[in-house]
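Chemist: Read off the chains here:
Protein chains: 2
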Amino acid sequence: MAKQDRAIRTRQTILMAAAQAFEKYGYQAATITEILKSADVTKGALYFHFPSKEDLALGVLDAQAPPQTVPDQALKLQELIDLGMLFSHRLQTSLLTRAGVRLSMDQQAHGLDRSGPFLRWQEATHHLLTRAKHNGELLPHVNPTETADLYVAAFAGTQAVSQTLTDYRDLQRRHITLQQHILPSIAAPSVLTALDLTPERAERLSLLDPVG
Amino acid sequence: MAKQDRAIRTRQTILMAAAQAFEKYGYQAATITEILKSADVTKGALYFHFPSKEDLALGVLDAQAPPQTVPDQALKLQELIDLGMLFSHRLQTSLLTRAGVRLSMDQQAHGLDRSGPFLRWQEATHHLLTRAKHNGELLPHVNPTETADLYVAAFAGTQAVSQTLTDYRDLQRRHITLQQHILPSIAAPSVLTALDLTPERAERLSLLDPVG
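Chains as they are written, first to last, in our numbering: chain A, 1251 to 1462; chain B, 1251 to 1462.
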């Protein structure tokens, strides 16, 4: 294995251990000692990749960036729906994604800048909504910045409630319900009827996703 | 002071100390020792009111029940909006409410049943939506159970993002944006134009609220 591959793999091992520790103890109570022990790497390797607990947390937070694997669609609102479907799938299957999302919602993580993931999701959503607006998919009054903010916040809450009440088992259904309540307020009627919100689409999309 | 008043006051003092500890350390890391110290009550008094850390947490969680102080309205959708406006105000002004909400969103609070507040808010929202439906305020397809679930989750996320990005300074604005994105999908058009979503209404409502 080339030196660079090994470094990437070590970094990933450390991130997984950090994710587990943050999941288990929360940001405040998690310790580097614990992460070192469960990652089974040298202190030097850990500090090379992540000089502090905050850097470890930022690494885990990064793991919940918007998926890049969503296929292009003529309707940008469909792409936005697909993004939510794929991410809902990741929350059910990927420990790293789950840990990243929970960390970003950890209101007790004092001193940790948790704004990154929210801002990145707002940017990705804003980008798709702006293109949708350009395509004439949106009602005339829609402000992509406001709507993007709202989407990110509403999805964040949806995942949190789904995790609390059903450990994510109802997340795809809740995400579809969310879309059914927002899209009629923002989409042109002719576009509305062309959007696919079926659970079958969510299933198909999740097969495209390599993250485990 | 009558014995009962003193007991109520002691209970409240303990709850405030618990709220502060949960805010500072999160559920996992907070300790009864710390709470005892900052409440400055006897061990006996604390255990009389709250036999365990879990009971303390459930007490704090209870503090974010839907406000009872919202005035009756002919339009039940207006009452729902008012409830959100008043609660947004409480999140900005009441430590106990804030601690309760954060605790309910603490995905690291293993072993703590955090479902209570979500279920109580779903019930209160469901009740108002059912009455709104009965009044003909809703579009025919609306399912009060689904919409209530969605409202609670979307609001939970809205407060979390607002806290993370602006320490609740933009919560009233975000709450209004949320309503602007959901109401057109569920309300009859004639009702939509009669609803008051202005920041001035939120201001007036907050004056009604005795919680400090």
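Heads up, some of the hints might be wrong.
Repeated chains share a single entry, so a pair holds when one copy, or any two copies, can fit it.
[What the hints assert, rightly or not] In silico lysine-lysine, DSBU-like type, Cα no more than 30 Å apart, as pairs:
hint: 1; residue 1: Lys1253; residue 2: Lys1287
hint: 2; residue 1: Lys1303; residue 2: Lys1253
hint: 3; residue 1: Lys1383; residue 2: Lys1303
hint: 4; residue 1: Lys1287; residue 2: Lys1383
No lab work stands behind these hints, which were simulated from the structure alone. All values reported here derive from a predicted model rather than from experimental measurement.
Chemist: What hints, given by number in increasing order, does this structure fail?
Modeler: Violated: hints 3 and 4.
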